[in-house]
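Novice: As you go down the protein sequences, you meet chains A and B in turn.
Our numbering puts the first residue of the first sequence at 1, with every later residue one more than the last.
Our numbering puts the first residue of the second sequence at 1, with every later residue one more than the last.
Take these hints with a grain of salt, some might be off.
Lysine-lysine pairs mimicking DSS-like chemistry, simulated, CA-CA at most 25 Å apart [stated by the list, open to error]:
(1) A:K254 - A:K233
(2) A:K48 - B:K190
(3) A:K233 - B:K539
(4) B:K348 - A:K109
(5) B:K190 - B:K531
(6) A:K109 - B:K80
(7) B:K539 - A:K52
(8) B:K531 - B:K114
(9) A:K18 - A:K132
(10) A:K50 - B:K114
(11) B:K348 - B:K200
(12) A:K109 - A:K132
(13) A:K52 - B:K200
(14) A:K175 - A:K124
(15) A:K53 - B:K348
(16) B:K190 - A:K50
(17) A:K313 - A:K233
(18) B:K243 - B:K190
(19) A:K53 - B:K539
(20) B:K200 - B:K114
(21) A:K175 - A:K208
(22) A:K215 - A:K281
(23) B:K539 - A:K48
(24) B:K531 - B:K200
Restraint ranges, calculated between C-beta atoms of paired labels, are given here [unchecked claim]:
(25) B:L227 - A:K233: 15 to 21 Å
(26) B:T137 - A:N64: 35 to 41 Å
(27) A:G190 - B:L319: 34 to 40 Å
Bear in mind the hints are in silico, worked out from the structure with no lab data behind them.
Keep in mind it's a predicted model, so treat the numbers as computed, not measured.
Ideal Cβ placement from N, Cα and C applies to all residues, glycine included.
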Amino acid sequence: MNWLRDWMMPLAASEHAKKVDDLYIFTFWLMLAFFILIVYLTVLFPLKYKRKKEGVMTINFSHNLALELAWSVIPLILVIGLFFWGFNDYVESRVHQNDAIEVHVTANKWNWAFEYPDGSRSIKALHVPVNKPVRLILTSEDVLHAFFIPALRTKTDVIPGRYVELPFTATVAGKHQVFCAEYCGRGHSGMFAELYVDTPEQYETFLKEGPEEFKTMPLVELGKFTYNEAGCKSCHTIDGTKSEGPSFKNLWGKSEKLRDGSSVTVDESYIRESILNPTAKVVAGYEPVMPSFQGLLRDRQILGVIEYIKSLK
Amino acid sequence: MADIVATPKSQSHGDHYDVDYLNDGSLLSWLTTVDHKKLGVMYLWSILFMFFLGGVFALLVRLELMNPGQTIMTAEQYNKAFTLHGAIMVFLVIIPSIPAALGNFALPLMLGAKDVAFPRLNLLSFWIYVTGAIIATVAMVTGGVDTGWTFYTPYSTTTDGPVALMTFAAFVLGFSSILTGVNFVATVHKLRAPGMGWFKMPLFVWGIYATAIIQVLATPVLAITLLLLIFERLFGVGVFDPKLGGDPVLFQHFFWFYSHPAVYIMILPGMAIISEVIPTMSQKVFFGYKATAFSSVAIAIVSFVVWGHHMFTSGQSQLAGAIFSFLTFLVGIPSAIKVFNWITTMYKGSISLAAPMLYALMFLILFGIGGLTGIFLGTMSVDIHLHDTYFVVAHFHYVMMGSTLIAFLAGLHFWWPKMFGRMYNERAAQIAAFFVFIGFNATFLPQFLLGSRGMPRRYYDYLPEFTPLHQVSTVGSWLLGLGFVIMAGYLFASLRKKMDAPSNPWHARTLDWQTSSPPITHNFHEIPVLKQGPYDYFKPFEPSVEGYHE
Chain A
1 MNWLRDWMMP LAASEHAKKV DDLYIFTFWL MLAFFILIVY LTVLFPLKYK
51 RKKEGVMTIN FSHNLALELA WSVIPLILVI GLFFWGFNDY VESRVHQNDA
101 IEVHVTANKW NWAFEYPDGS RSIKALHVPV NKPVRLILTS EDVLHAFFIP
151 ALRTKTDVIP GRYVELPFTA TVAGKHQVFC AEYCGRGHSG MFAELYVDTP
201 EQYETFLKEG PEEFKTMPLV ELGKFTYNEA GCKSCHTIDG TKSEGPSFKN
251 LWGKSEKLRD GSSVTVDESY IRESILNPTA KVVAGYEPVM PSFQGLLRDR
301 QILGVIEYIK SLK
Chain B
1 MADIVATPKS QSHGDHYDVD YLNDGSLLSW LTTVDHKKLG VMYLWSILFM
51 FFLGGVFALL VRLELMNPGQ TIMTAEQYNK AFTLHGAIMV FLVIIPSIPA
101 ALGNFALPLM LGAKDVAFPR LNLLSFWIYV TGAIIATVAM VTGGVDTGWT
151 FYTPYSTTTD GPVALMTFAA FVLGFSSILT GVNFVATVHK LRAPGMGWFK
201 MPLFVWGIYA TAIIQVLATP VLAITLLLLI FERLFGVGVF DPKLGGDPVL
251 FQHFFWFYSH PAVYIMILPG MAIISEVIPT MSQKVFFGYK ATAFSSVAIA
301 IVSFVVWGHH MFTSGQSQLA GAIFSFLTFL VGIPSAIKVF NWITTMYKGS
351 ISLAAPMLYA LMFLILFGIG GLTGIFLGTM SVDIHLHDTY FVVAHFHYVM
401 MGSTLIAFLA GLHFWWPKMF GRMYNERAAQ IAAFFVFIGF NATFLPQFLL
451 GSRGMPRRYY DYLPEFTPLH QVSTVGSWLL GLGFVIMAGY LFASLRKKMD
501 APSNPWHART LDWQTSSPPI THNFHEIPVL KQGPYDYFKP FEPSVEGYHE
């Protein structure tokens, strides 16, 4: 009966998905049997007992205990069975493993952003290793969304002001579709993400080099993305106002006076040094509070930030 | 002799004694009438107009989904179109359709009463309904609303548009529903004809009674919820929006605490009509009368404790989810009992396949699909996959439209001769029924497959792989629309004829058929005294109304 499953269901990319399919297909056959019975009788009786003459009296058949018990008790037993089956599979799928890889998911209109244990980030593309338990921790920045992975037969609503979790273990490597399933306005039907179930090597590469778009995105755009996502924006403005750190506006090429009295020209090397070893040369008037981004940003991202700062004239 | 001994007829009544209710007054007297029959007819026209409006939005939604990407409208317009389709169909069509239109007309007649218990309250309910409909229309033309008919927070508290006005319309409509419910409960308790004990009431009355109880108990919760929503939007009171310290899931609990019982406000009256049409058209005693009567009440009670099955993925506790799943399965049992009772009622009957019966048989099949697919959704692990997909859309359309609305059509064709005193063209009715059946299934069967394959609902655009099924569905919606156009044609045509309907075209045994078609203003010349049960087709007919003739 695999054709039926393939026809009704998308690819099953986890053990849990296969269990859901088993139950779905079982329920389908059971309900089909009941449906055929209903249709058979609904068509048979009107044909067989079609009115031939007006004003005839019919039999007084208004009770039959055996029949009535049968059609109350048999369905009751069947649905209780289905309840326990569905309940067991559900609970099993929601028990998370202690060694699970935890990925933070943030939803907003109309975007999915992911943050990995090592600080890597990606947008609209979630990378997980195959056959490893994963635990997503999801929250929303604005309205309700829902993270729906048809291939894994799982979803959860994503709620602002709250964390929900979604554990799974994907067993089929490849690219799977993720939808937003809770209505969230104009961009709802385009709020996709891709789930990349990677081989261990692919996953390692991803963590080291970042998602595919980091390699192809124009540098300025990558820099802007990094500025927004990696936390630069919380201390460095881009409109010239003073914050915890110097503003990026008109920073490029400027000669800065440092706390120790010496001065430095803002060029590629200085920016790179300031990202990786921020306390080495702190500009006068600011505290040495910036953390090092060593290991958190990839080389191309650093180049991107440099180009982004150049562009802010 | 006749000149000397006056009959009670000429003694107590004036010239209007035999005039039917359709022709006894001016337009103004219609608008201020307290006659349940006129109110029923006015509800009927209002609801049919709203159904037309909701249907146009439905066809627009389906047309937009003919192809991926933009077909005829933008995403914003699409979101408004499906919201208005849902809100109109639920609040302005399906909830009032059977109780307010057909129930108002038939309930007092079936009980052998002159009117409902509180005729003035009934008039008030009608005008509250009209007010709600007007407010909703104003909200539609002043920008429209894009929240979905469920008004989920915090989207609904943050999006633009006249959301507060639309919500207020639903709030107002709720009062119409509550007052109608109160009226019907009192009517059933107090105005049954002499001899009509509880178990001699027609099953339509049982169904409407169970519905009225839910309307009275559940609708105030919706009113409170919508009021809180309006307060949050207008004054920034933080109940649901987490940015203001509220909880969006709380809204869902409130909303479904009403809206799940509301599903039964919608389906129980449908079941009630089927329970009337099948024994009448089969000329058979109802099989399992008490089981059916009690199962209506059982459904009404259990319906209050299953709301959480709309929220398996919403982050409610897993224990709560399990309990709701279990209770949901239990509500399936009374429904199954009813289906088997209806089918067994036909056994060895004398079955007429006139239009009301065609729709009743259609109901059995479509409700079969709607009910059985509900089992998939009650099962937790399967529901997690199917939740918020087209599978759910298909399921509730089979229940809301395939069952309730089809039952409404069965009832409309059943009582049409009584309401307007005219028979419609039977052949045209068969053709329309054919298109409705084929069109409905072509529209919604493919949506089960779309859903199980992962197509989420409320999507303006979709992946190319879903295109063929969406196209079948859209073409189906045209066939369905054609069925309704034909229906409108022969129903309006029948109104232009002279009155030709007999008092009792279906050879029914309930009291509503023992007065003229259309009934006289006061329903019956004398108070009927019940002589027979409503479905005693195994013995000769003994009318309960003096002077009855077919």
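Novice: Could you run down the list of hints and mark each one as holding or not?
Specialist: Structure-based check of all given hints:
| no. | hint | in the structure |
| --- | --- | --- |
| 1 | A:K254 - A:K233 | holds, 20 Å |
| 2 | A:K48 - B:K190 | violated, 42 Å |
| 3 | A:K233 - B:K539 | violated, 87 Å |
| 4 | B:K348 - A:K109 | violated, 61 Å |
| 5 | B:K190 - B:K531 | holds, 19 Å |
| 6 | A:K109 - B:K80 | holds, 18 Å |
| 7 | B:K539 - A:K52 | holds, 18 Å |
| 8 | B:K531 - B:K114 | holds, 18 Å |
| 9 | A:K18 - A:K132 | holds, 17 Å |
| 10 | A:K50 - B:K114 | violated, 36 Å |
| 11 | B:K348 - B:K200 | holds, 23 Å |
| 12 | A:K109 - A:K132 | violated, 30 Å |
| 13 | A:K52 - B:K200 | violated, 29 Å |
| 14 | A:K175 - A:K124 | holds, 12 Å |
| 15 | A:K53 - B:K348 | holds, 14 Å |
| 16 | B:K190 - A:K50 | violated, 39 Å |
| 17 | A:K313 - A:K233 | holds, 17 Å |
| 18 | B:K243 - B:K190 | violated, 51 Å |
| 19 | A:K53 - B:K539 | holds, 16 Å |
| 20 | B:K200 - B:K114 | holds, 19 Å |
| 21 | A:K175 - A:K208 | holds, 20 Å |
| 22 | A:K215 - A:K281 | violated, 30 Å |
| 23 | B:K539 - A:K48 | holds, 22 Å |
| 24 | B:K531 - B:K200 | holds, 10 Å |
| 25 | B:L227 - A:K233: 15 to 21 Å | violated, 40 Å |
| 26 | B:T137 - A:N64: 35 to 41 Å | violated, 52 Å |
| 27 | A:G190 - B:L319: 34 to 40 Å | holds, 36 Å |
In the structure shown, a violation is registered for the earlier hints numbered 2, 3, 4, 10, 12, 13, 16, 18, 22, 25 and 26, in ascending order.
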